[in-house]
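Novice: Here is what each chain is made of, one letter per residue.
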Amino acid sequence: MVEAFRPGNTAEALRILSEHTCIVMAGGTDLMVHRGQSRGFTFPLLFIDHLEELKKTYRKNDAIHIGAAVPFSDMERHADIPDILKMIIRRIASLPTRNMATLGGNICNASPAADTLPYLYAVNASVVIRDRESTKTIPVREFITGVKKTQLKNNELLTEIIIPDKEFGINVYRKIGQRKGMSLSKAAFLGMADKPHDVIRDIHIALASVAPTIVFSTEIEKQMINKNSKEIDAMKNRILDQYAALIRPIDDARSTAKYRKQVSLFMIKHFLEKL
Amino acid sequence: MTIEFTLNNETKKIDVPASARLLDVLRDKFALKSPKDACGEGECGACMVLVNGRAMNSCLIAAGSVSGKSVLTLEGFKLTQRYKMIEAGLLEAGAVQCGYCTPGFVISIESLLNHNPRPSDKEIREALSGNLCRCTGYNMIIQGVRIAIEKGDGLW
Numbered sequence: 001m002v003e004a005f006r007p008g009n010t011a012e013a014l015r016i017l018s019e020h021t022c023i024v025m026a027g028g029t030d031l032m033v034h035r036g037q038s039r040g041f042t043f044p045l046l047f048i049d050h051l052e053e054l055k056k057t058y059r060k061n062d063a064i065h066i067g068a069a070v071p072f073s074d075m076e077r078h079a080d081i082p083d084i085l086k087m088i089i090r091r092i093a094s095l096p097t098r099n100m101a102t103l104g105g106n107i108c109n110a111s112p113a114a115d116t117l118p119y120l121y122a123v124n125a126s127v128v129i130r131d132r133e134s135t136k137t138i139p140v141r142e143f144i145t146g147v148k149k150t151q152l153k154n155n156e157l158l159t160e161i162i163i164p165d166k167e168f169g170i171n172v173y174r175k176i177g178q179r180k181g182m183s184l185s186k187a188a189f190l191g192m193a194d195k196p197h198d199v200i201r202d203i204h205i206a207l208a209s210v211a212p213t214i215v216f217s218t219e220i221e222k223q224m225i226n227k228n229s230k231e232i233d234a235m236k237n238r239i240l241d242q243y244a245a246l247i248r249p250i251d252d253a254r255s256t257a258k259y260r261k262q263v264s265l266f267m268i269k270h271f272l273e274k275l
Numbered sequence: 001m002t003i004e005f006t007l008n009n010e011t012k013k014i015d016v017p018a019s020a021r022l023l024d025v026l027r028d029k030f031a032l033k034s035p036k037d038a039c040g041e042g043e044c045g046a047c048m049v050l051v052n053g054r055a056m057n058s059c060l061i062a063a064g065s066v067s068g069k070s071v072l073t074l075e076g077f078k079l080t081q082r083y084k085m086i087e088a089g090l091l092e093a094g095a096v097q098c099g100y101c102t103p104g105f106v107i108s109i110e111s112l113l114n115h116n117p118r119p120s121d122k123e124i125r126e127a128l129s130g131n132l133c134r135c136t137g138y139n140m141i142i143q144g145v146r147i148a149i150e151k152g153d154g155l156w
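Chains as they are written, first to last, in the working numbering: chain A, 1 to 275; chain B, 1 to 156.
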């Protein structure tokens with residue numbers, strides 16, 4: 001078995017993927033921890049951390065494009081990255097980890113606790129998926145299919161993430177962890193809304209670490225559109241009941257299902273009350 | 001996989017598995033013992049090295065990914081004026097006790113000052129949040145950084 005590939009450009013990476021099943025490594029911060037536990041990888045590694053084509057962040061047609069090899073610490077400093085996303089990124093692990101870890105890796109790893117996924121679901125971000133012949137764009141909400149599962153096929157590479165260039169007036173992000181720095185979340189909440197003249201025109205709620213994938217529902221959100229604070233208050237319990245049905249946490253080393261459910265509902269309630 | 005990279009300012013060529021941890025390659029193949037093997041999962045910062053001038057945990061770096069890059073460990077960095085200033089700052093502040101975490105801290109401090117020569121206390125704390133110390137507590141270390149910045153006026 002070939003042990004590893006270090007292609008010279010993206011086209012070469014796609015050719016290798018069309019011929020070999022590989023583990024694509026960008027920052028490697030999750031993969032290498034996994035390696036530590038299992039001593040080695042089942043498939044050859046394909047490094048993409050050095051590919052210049054995948055290191056670009058740019059604005060195009062009212063959207064921000066982020067290459068798959070851009071480390072989080074570059075995003076933190078980039079003028080085009082929305083403030084709320086920068087805030088979420090600064091709560092990920094520590095700076096040395098963010099010097100390596102990438103947004104593309106966070107998506108492909110598809111952990112239920114992935115810190116950036118609530119944001120990507122909320123703003124309806126997309127991923128650009130390429131194989132040797134074609135390029136397609138898939139919403140992140142569809143790309144993630146389960147715990148550590150995505151639509152990505154063996155011959156495909158995630159090359160770019162596309163974020164709509166839209167900011168919200170109200171942004172609330174809460175990450176519940178053991179401590180402030182370096183923690184994986186027990187539960188994370190993101191609420192974003194636009195509410196000019198006390199009427200909700202747009203609202204998104206997303207939670208991580210409390211179900212197999214991100215808790216997110218356009219159905220529930222729709223019910224709150226064109227409502228004012230008083231109306232939201234009146235329908236609050238009905239909204240919470242619907243989210244309660246979607247929140248299906250587990251007991252693990254970080255927390256308990258009971259705590260996760262309770263704190264999640266509390267964060268949603270708090271957001272609705274503050275609207 | 002044959003890996004060619006710059007290690008402490010010298011070009012090196014070595015044949016190691018691409019998935020080997022850079023930490024193990026540094027310690028076992030190059031006998032560089034300043035990066036410590038402690039948590040092995042990017043939590044503690046004791047294995048910190050500079051890759052192209054940025055602090056990274058060498059326990060999370062696959063050896064194959066440093067091809068063509070420049071790696072600096074404390075053994076290379078200690079020959080510089082900047083190192084001497086950081087050392088003096090940490091000593092004066094009493095920021096070193098057992099010393100196990102210190103190489104990692106020094107590397108993170110250099111990475112911070114290299115990108116931000118006049119950091120606020122909050123920025124220092126954030127830049128060092130990936131390094132754990134179980135002896136001194138962090139206030140003396142932050143004080144040490146302050147002293148290094150003051151004494152090394154213009155070095156960064």
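No wet-lab data here; the hints were simulated from the structure. Accuracy of the hints is not assured; some may be wrong.
As the list claims (entries may be wrong) - A few chain A residues that face chain B, going by a derived Cβ cut-off under 8 Å, partial list only: (1) GLY28; (2) ASN99; (3) THR256; (4) ALA257.
As the list claims (entries may be wrong) - Below are the DSS-like pairs computed for lysine-lysine, each with C-alpha atoms no more than 27 Å apart in a straight line: (5) A:LYS136 to A:LYS149; (6) B:LYS122 to B:LYS33; (7) A:LYS195 to A:LYS149; (8) B:LYS12 to A:LYS55; (9) A:LYS60 to A:LYS166; (10) A:LYS149 to A:LYS55; (11) B:LYS33 to A:LYS86; (12) A:LYS258 to A:LYS86; (13) B:LYS13 to B:LYS29; (14) A:LYS227 to A:LYS148; (15) A:LYS56 to B:LYS29; (16) A:LYS55 to B:LYS29.
Only a predicted model underlies this, so the values are computations on that prediction, with no experimental measurement involved. Idealized CB from N, CA, C, for every residue including glycine.
Novice: If a hint holds in the structure, say so; if it doesn't, say that too.
Specialist: Structure-based check of all given hints:
Because the smallest distance between the Cβ of GLY28 of chain A and any Cβ of chain B comes to about 5 Å, under 8 Å, the interface hint for this residue holds. Hint status for ASN99 of chain A: holds, given a least beta-carbon distance of 5 Å to chain B, under 8 Å. A least Cβ separation of about 22 Å between THR256 of chain A and chain B goes past the 8 Å threshold, and the interface hint is therefore violated. With its C-beta approaching chain B no nearer than about 25 Å, ALA257 of chain A sits outside the 8 Å limit, and its interface hint is violated.
Only pairs whose Cα atoms come within 27 Å are accepted, and LYS136 of chain A paired with LYS149 of chain A is accepted, the gap being roughly 18 Å. The hinted pair formed by LYS122 of chain B and LYS33 of chain B fails the criterion: a straight-line CA distance of about 31 Å is larger than 27 Å. Only pairs whose Cα atoms come within 27 Å are accepted, and LYS195 of chain A paired with LYS149 of chain A is rejected, the gap being roughly 35 Å. Proposed proximity of LYS12 of chain B and LYS55 of chain A is supported: the alpha carbons are some 26 Å apart, at most 27 Å.
Distance check on the hinted pair: LYS60 of chain A and LYS166 of chain A sit about 13 Å apart at the alpha-carbon level, within 27 Å; holds. The suggested pairing of LYS149 of chain A with LYS55 of chain A holds, with an alpha-carbon distance near 25 Å, which does not exceed 27 Å. Restraint check for LYS33 of chain B and LYS86 of chain A: the C-alpha separation of about 35 Å exceeds 27 Å, so the hint is violated. A C-alpha spacing of about 30 Å is found between LYS258 of chain A and LYS86 of chain A, which places the hinted pair above 27 Å, so the restraint is violated.
Simply put, LYS13 of chain B and LYS29 of chain B have alpha-carbon atoms about 11 Å apart, close enough for the 27 Å limit, and the pair holds. For the hint linking LYS227 of chain A to LYS148 of chain A, the alpha-carbon distance of about 37 Å lies beyond 27 Å, and the restraint is violated. Note on LYS56 of chain A and LYS29 of chain B: the hinted pairing is violated, with a Cα-Cα distance of about 35 Å set against a maximum of 27 Å. At roughly 31 Å between alpha-carbon atoms, LYS55 of chain A and LYS29 of chain B are farther apart than 27 Å, so this suggested pair is violated.
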